[in-house]
Amino acid sequence: MNTNVISPEMGNKKFLNKLESMKIDVHACYQCGRCSSGCPVSDFFDLKVMEVVRLASYGMEDILLNSKTIWLCAACETCATRCPNDIEIAGLMDVLRSLALRKGVTPAQPRVPVFHQSFLDSIKHWGRAYEIGMIAGYKLRSGDFLGDMKLGMSMFMKGKLSILPHSIKEKSEIKQIFSGKGKEYER
Amino acid sequence: MRLSYYPGCSLHGTALDYDHSVKEICRRLDIDLVEIPDWNCCGASSAHMTDHEIGMRLPMRNLLLAQESGLDILVPCAACFQRLCAADKELRKNPEFWDIKDYSPSFKIIHISTLLSRPDILDRITAMTSRPLSNLTVACYYGCLSLRHPKITGAINHEMPESLENIVKAVGAKPVSWSHRTECCSGSLTMARPDIARKLVGDITDAAKRAGATAMVTDCPMCQANVESRQLDNGDDGRLLPVFFATELIAAALSGDYPQKQQKVHLITPDVLTNLFVSSNATREGSA
Chain A
68 MNTNVISPEM GNKKFLNKLE SMKIDVHACY QCGRCSSGCP VSDFFDLKVM EVVRLASYGM
128 EDILLNSKTI WLCAACETCA TRCPNDIEIA GLMDVLRSLA LRKGVTPAQP RVPVFHQSFL
188 DSIKHWGRAY EIGMIAGYKL RSGDFLGDMK LGMSMFMKGK LSILPHSIKE KSEIKQIFSG
248 KGKEYER
Chain B
495 MRLSYYPGCS LHGTALDYDH SVKEICRRLD IDLVEIPDWN CCGASSAHMT DHEIGMRLPM
555 RNLLLAQESG LDILVPCAAC FQRLCAADKE LRKNPEFWDI KDYSPSFKII HISTLLSRPD
615 ILDRITAMTS RPLSNLTVAC YYGCLSLRHP KITGAINHEM PESLENIVKA VGAKPVSWSH
675 RTECCSGSLT MARPDIARKL VGDITDAAKR AGATAMVTDC PMCQANVESR QLDNGDDGRL
735 LPVFFATELI AAALSGDYPQ KQQKVHLITP DVLTNLFVSS NATREGSA
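Read top to bottom, the protein sequences are chains A and B. Going by the working numbering, the first sequence opens with residue 68, and the numbers climb by one from there. Going by the working numbering, the second sequence opens with residue 495, and the numbers climb by one from there.
Source of the hints: derived by calculation from the structure; they are not laboratory data.
Footprint (simulated), chain A over chain B, 3 or more residues, beta carbon under 8 Å:
#, segment
1, 497-509
2, 526-537
3, 541-547
4, 551-565
5, 754-761
The beta carbon of each residue, even a glycine, is placed where N, CA and C say it ideally should be.
Turn these sequences into a full structure, and let the hints steer you where they fit.
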C-alpha cells in the first residue's frame, strides 16, 4: 500500500472498526487543536496530536504506525482530558502502539518499545518490577550501554535498586495473563 | 480507620522511603494499613501503552485480591492509582467479558493525597505537628496520573487541584502559586529518551524557581525520581530543587526529626529541609 497518499477512500476499514468497537470516536474531531497545544512532548513529534486524530479518522493506519509520535507520547492524558469532544486520544495512542507491535512494524523510535518490553518482561517473570533486571534487559536490547550509568550507580548506592528481584507467590497467574490467550486477541 | 494498602513496585524499590513515610504517618494517625496479600505490579504505563488486555488484567488481579477484605484501598503511587481505577471501572461495567461472575465491591480506591487532604485529617496533622516547617517555600507538583483522565481518577479540579497545597500548609510550609503543577515530566520516557525528560523537567523546575520555590513536593514516585535525576543532568545554576514526598514532610513535622538516613536518599541535597531541623549551635554533618 502506498503510505504517502492521504485519503479517506484509501482508509483501512478494519482499523476504523476497531476504533469504533473501542468507542474512540475520532470522527468527532473538528480540529480545534487543544490536544496539540497542551501536549508536553509535541516539540518532538513528527505528527501533531490533531494530525494523528484526523489521520485516524481517514483510516490511515500505515502512516500512523510508522510515526515517531506514537512512541514519544508519554501517556499523560492531557489531550484526552482537554478534548471538547471527549475523544479518547490517549486510548487511540495505546491502540496504535499495540497494533504496531502486533503487526511487527519497525518502530520509528526503537528504544521506547524496547524499554516497555524490558519492563514487562520483569513483571512477567517475577510478578513485580525488578529494576536491575529491567535495566540490564533494556541495555542489552537497545545497545544503550553507557546512558545513565552514573545515575544508576548513584541510585544503587542510595539503596534504590534492589539486587534481588521482588517475586510474588502465584507467578503462574501472571504467566497466564501474559500467555496471549486473552479475549481481545480473538477479535 | 482500617484500609487495604497497595504499595506498588516503586515503593518497594526506587521509592522505598515513600513507603516508610506513608506507613509512619498512618501509624501516627491511627490508620491501620493491611497490605493486599501477594499483590502484583499494576503494569504501569508500559502495559496499557502496548497491550490493552495485559494492561487491564494485571491491576484486575489486585482488585480481586482486595475484594476479600472489602476495605477501601489506599494507593500512594499515582500510576498504580490510575491503573487500579481504570481496571475497577472496566470490571464494574463488564465483569463477564473478563470472566468474572460478579464484581460489585463496596471499596473505594483512594489516592494518598485525597486521604491526607480530608479536612478532619488535616486538622489532626496540624494538631500533631511538633515542628512546623515555617519558611519552607515549596512548589506543589502533581504531575499526571493521580488527576488524569478525570473520568478514570474521579479527580475534581483536575486542572487546579489543591490537595498538596492544603497538606503542606497543614505542616506550616508555604506553597507558591505557579504554572506547571499538572504538567507531565515524561517519566515513562525518561530511560529511552532522557533528552526529552531533561527538557520537560527543565521547564518545570524553571517555573518553580521563577515562582520562588526552594523545593518541590509531590505524591508521585516517578515524578520524584525523574525530576531530581534529570535536574542533575541539566546542571543548572547551582540552584537545584530537591523533590520531597508530601508524606516525607508530614513525617518530619510530626516527629520533629528529619533523620540523616532520609536525607541521604535524595539525589539532590535536601538542605532546605535539613537546615530547619538544625539548631543554630549544632553542627551539621553529612548531607550527601
